[in-house]
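Trainee: These protein sequence lines map, in sequence, to chains A and B.
Per full-length UniProt numbering: the first sequence ends with 137, consecutive numbering throughout.
Per full-length UniProt numbering: the second sequence ends with 131, consecutive numbering throughout.
Some hints could be false.
Cross-link-like lysine-lysine pairs, in silico, DSSO-like; alpha carbons within 27 Å at most [as the list claims (entries may be wrong)]: (1) B/K97 with A/K125; (2) A/K112 with A/K77; (3) A/K77 with B/K97; (4) B/K82 with A/K74; (5) B/K82 with A/K30; (6) A/K87 with A/K104; (7) A/K136 with B/K97; (8) A/K125 with A/K87; (9) B/K82 with A/K112; (10) A/K77 with A/K136; (11) A/K87 with B/K97; (12) A/K125 with A/K104.
If you are wondering where the hints come from, they were derived from the structure by calculation, not from laboratory data.
Values in this document were obtained by computation on a predicted structure and should not be read as measured data.
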Amino acid sequence: MSALTGIAIGTELPTQTFQLDRAMLSNYAKASGDLNPIHLDEAFAKNVGLPNVIAHGMLTMALAGKALNTWCNKEFKVVEIFARFTKPVVVEANSTTALEVSGKIGEITEGKIRVDLTVISNEQKVLGMTRAFVVKA
Amino acid sequence: MVAPDLVGRKFLGTQTQRVNQSVLAAFTTSIGENPDTQISQLPTFPICFTLNEAERIAPELGLDWSRVVHGDQRFIHHRFLKIDEEVRADSEIEAVKSMAGNEILTLRSDLFVGDELVTSTWSTLVFRGQQ
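Kindly produce the complete structure, drawing on both the sequences and the hints.
Mentor: As structure tokens, this is what we get:
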């Protein structure tokens, strides 16, 4: 059953955790066509003042979308999604970076449910104002 | 420096891109989704067809794509793309501002299949100044 069945404003949705690593960044780069070296090349990233390679904001957002998809469980679909990229998600070599996605029902109007998402990595919010509108599939 | 009079400038997609199974499979796999995931379950998937348009437009505006940072992103799905559709992106600059040496551009890209608007996207792109 979808986590969105029987919800009310304020209902909290089960938190989901995803693991990012360099291979995921490389695969996402190829899939999306965003081959910016700040997501792939440690020397380049450091040279432009970043602490290390960072994940694509769009990858982080795609994982927020994946969490939504799990909550929807094919009974609902996402018709709108917004995210602000507020903090970089650093991904070190030979290790994984955890990304925690939680959600809360913000509003319900005429069958449209607004889900407010909180996306955290290394104890920091990495996406801001992250919202999705979902409707019955 | 991006001229403020660029607001409203339109860039009509010059060619279509096919929504093929391999594009979908690469996207699905990269985020660790089940292989049978449908496009309607991937709300950010259309970025695969809009990002390359933004990259194509940047040099026409005198902007260096290698200095771009993504500020924010929105998708509104009127319906969802389908496999084997030919999609075209028509883009328009909706806002331009300069802040702390950075150029901030809001680019809207509408994805069309034929005359039908399928997905509208908005990208705020921050072009970092040379410091």
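Trainee: Is the hinted pair A/K125 and A/K87 satisfied, with a Cα-Cα distance of at most 27 Å?
Mentor: holds, 7 Å
Trainee: Need the status of pair A/K87, A/K104: alpha-carbon distance at most 27 Å?
Mentor: holds, 21 Å
Trainee: Run the distance test for B/K82 versus A/K74: straight-line Cα separation, threshold 27 Å.
Mentor: Judged against 27 Å, a Cα distance of about 17 Å means the pair holds.
Trainee: Hint check: A/K136 vs B/K97, CA-CA at most 27 Å. Holds or violated?
Mentor: With Cα atoms ~38 Å apart, A/K136 and B/K97 exceed 27 Å; violated.
Trainee: Given the hint that A/K77 pairs with A/K136, does the C-alpha gap stay at or below 27 Å?
Mentor: Status holds; Cα separation ~6 Å.
Trainee: With a cut-off of 27 Å on the C-alpha distance, tell me whether A/K87 and B/K97 pass.
Mentor: holds, 21 Å
Trainee: For a C-alpha distance cap of 27 Å, please report whether A/K77 and B/K97 respect it.
Mentor: Judged against 27 Å, a Cα distance of about 34 Å means the pair is violated.
Trainee: Can the restraint linking B/K82 and A/K112 be considered satisfied, given a maximum Cα separation of 27 Å?
Mentor: Within the cut-off at roughly 23 Å; holds.
Trainee: Hint check: B/K82 vs A/K30, CA-CA at most 27 Å. Holds or violated?
Mentor: holds, 21 Å
Trainee: A/K112 and A/K77 were given as a pair; does the straight-line alpha-carbon distance stay at or below 27 Å?
Mentor: holds, 10 Å
Trainee: For the pair supplied as a hint, B/K97 and A/K125, confirm whether the alpha-carbon distance does not exceed 27 Å.
Mentor: Given pair B/K97, A/K125 holds - Cα atoms ~26 Å apart, limit 27 Å.
Trainee: Measure nothing beyond the straight line between the CA atoms of A/K125 and A/K104; if it is 27 Å or shorter, mark the hint as holding.
Mentor: Status holds; Cα separation ~15 Å.
In terms of the numbered hints stated before, the structure departs from hints 3 and 7, listed from lowest to highest.
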